[in-house]
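Colleague: If you're matching them up, the sequences are chains A and B in order.
Going by this note's numbering, the residue at position 140 of the first sequence is 140; the numbering climbs one at a time, nothing skipped.
Going by this note's numbering, the residue at position 85 of the second sequence is 85; the numbering climbs one at a time, nothing skipped.
Mixed in with the good hints, there may be bad ones.
Claimed, not checked - Beta-carbon label-pair distances, calculated as ranges:
| id | chain 1 | residue 1 | chain 2 | residue 2 | range |
| --- | --- | --- | --- | --- | --- |
| 1 | B | VAL80 | A | MET58 | 36 to 46 Å |
| 2 | A | SER236 | B | ARG64 | 54 to 64 Å |
| 3 | B | ILE18 | A | SER97 | 47 to 57 Å |
It should be emphasised that the hints constitute simulated quantities derived from the structure, not laboratory data.
Quick caveat: nothing in here was measured; it's all calculated off a predicted structure.
Every residue, glycine too, gets a C-beta built ideally from N, C-alpha and C.
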Amino acid sequence: MSDVYIVGADMIAFGRYPDRTYWQLGAEASLGALDDAGLSIKDIGAIYASSCFNAQSMLGQKVLKEIGQTGVPCINVSNACASGATAVREAFIGIKSGIYDAVLAVGSEKNPRGMLGGAPFEGPPPEGLFGSESMPAVFAEAGMVHAAAYGTTLEQFAQVAVKNHHHATMNPKAAYRKETPLEEVLASEMIAWPLTKLMCSANVDGAAALVLVSEKKAREIGMSRAVRVRASMLVSDPYEPRNPVMFDCNSVTRLAAAKAYEMAGLGPQDLDLVELHDCFATAEILHYENLGLCGEGEAGRLIDSGDTALGGRIPVNVSGGLLSKGHPIGATGVANMVEIVEQLRGEVGARQVAGARIGLSHVLGFGAAAGVHILEKA
Amino acid sequence: MTTDSLVIPKPGNTVIRIGGDARPWIAGFRCDVCGAAVTERTMACRACASRTPPAEFRAVETGRLHTWSVVHRSYPGVAVPFVSAIVDLDDGLTLKGTLRGVDADALRHGLPVALVFDDAGGAHDKEGVPYVGFHFQPRENQA
């Protein structure tokens, strides 16, 4: 079977687009990725389109109506916050199968305003009566498990936001590009202890796209800017006591990571950078251990050490992450791979991780799904 | 309506059952094969995939606090702050609920709590039938 290469990558600047549709955003990212690859939509054999809130709307077909109705199959996917990684994974399978030489994965989203979360119910509205279903509360509860087990502090959680907001100041496509010192993070509105507002991801619109091709096609295009997909992994949540009453973001991520490392034939010590699912600051701390970036219980010390900041041993979320680059749900998983691709090519300017050759991207979908991709400079 | 004033309330949450005597209880489902306890009736065991459906049981109403968050901002119209709690009941079922009657400073993993049935904030259905809810409160002198 052919190896799979990424030869085109682009994302639009994340933010609010009140005057544009989500498919226009997706079309813009798609054209950007095609231009980056030097390909036309006529070269693309299939479209894998991801969205969470517009999954039933034929996003892929809507994108083609903007950029050229070539008649190729469109596979529209939804997998909560892992939707984007799911589209890329399906695109990977499309190439791997030998059916297609070139495919497009595109994620696009216009998020609803306000706090996300909650579920349909019968009877009295459960929020407040039976605890909280809000996403900040869910990830606060997950963080407090770590705090109880290992003494992780509010300041350590907050330092994740300080770091990722700092990284975003170097990313012109990040929604928020403003330094937030520790005092400012701690002093911002308390949403769900220990999460303040600045420790919650930025609820914005966005789109991102990747062109995936076979090795044969990659050689035709030229390998100089190509990135090889070493692992493409998607899992659902294995049984875990308490889950889903208490959402468990750990076991599903650990399963995806273990399988991805096995597929790639490498381990966390081989990574040069990581884009992980920092939907909340507590989540980044948990995922340091879930992805094997440090030992059990060491995540608080890892953030304190500075090793996950740009210039450190294993920089995490140099794009600014979901906390500041932004989290347009269905686009997020594609966008964090765009960051890895551009880093491996050495094309990101001030936030460049020097000499980066191998990067890992991770997303987590509530409900649950986890996607892990490991990419290598070709 | 009859002159009989006994109104059977409705469960305000899927884990609540109302007995024939109108007294509420909490239902869990336990797999006979692997012992996994969950809050929903399923067709097979989600833990071990045994095709024998986990059997309903009446859960105990004491447990310990596993984790929590003090919620300061929620959806519009929801009164804050409140404590969102994950409680491990003593017979293995885990529930989410609101923990009342404890200072934020006293919250800790392992805090002994009791499940207390309540009027679900005074909620009624469209016909005026009241709902039953529950919350947790600390158990005194049992740390």
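Colleague: All hints are to be evaluated individually against the structure, with a verdict given for each.
Modeller: Verification of the hints:
{"no.": "1", "hint": "B:VAL80 x A:MET58: 36 to 46 Å", "result": "holds (40 Å)"}
{"no.": "2", "hint": "A:SER236 x B:ARG64: 54 to 64 Å", "result": "violated (29 Å)"}
{"no.": "3", "hint": "B:ILE18 x A:SER97: 47 to 57 Å", "result": "holds (54 Å)"}
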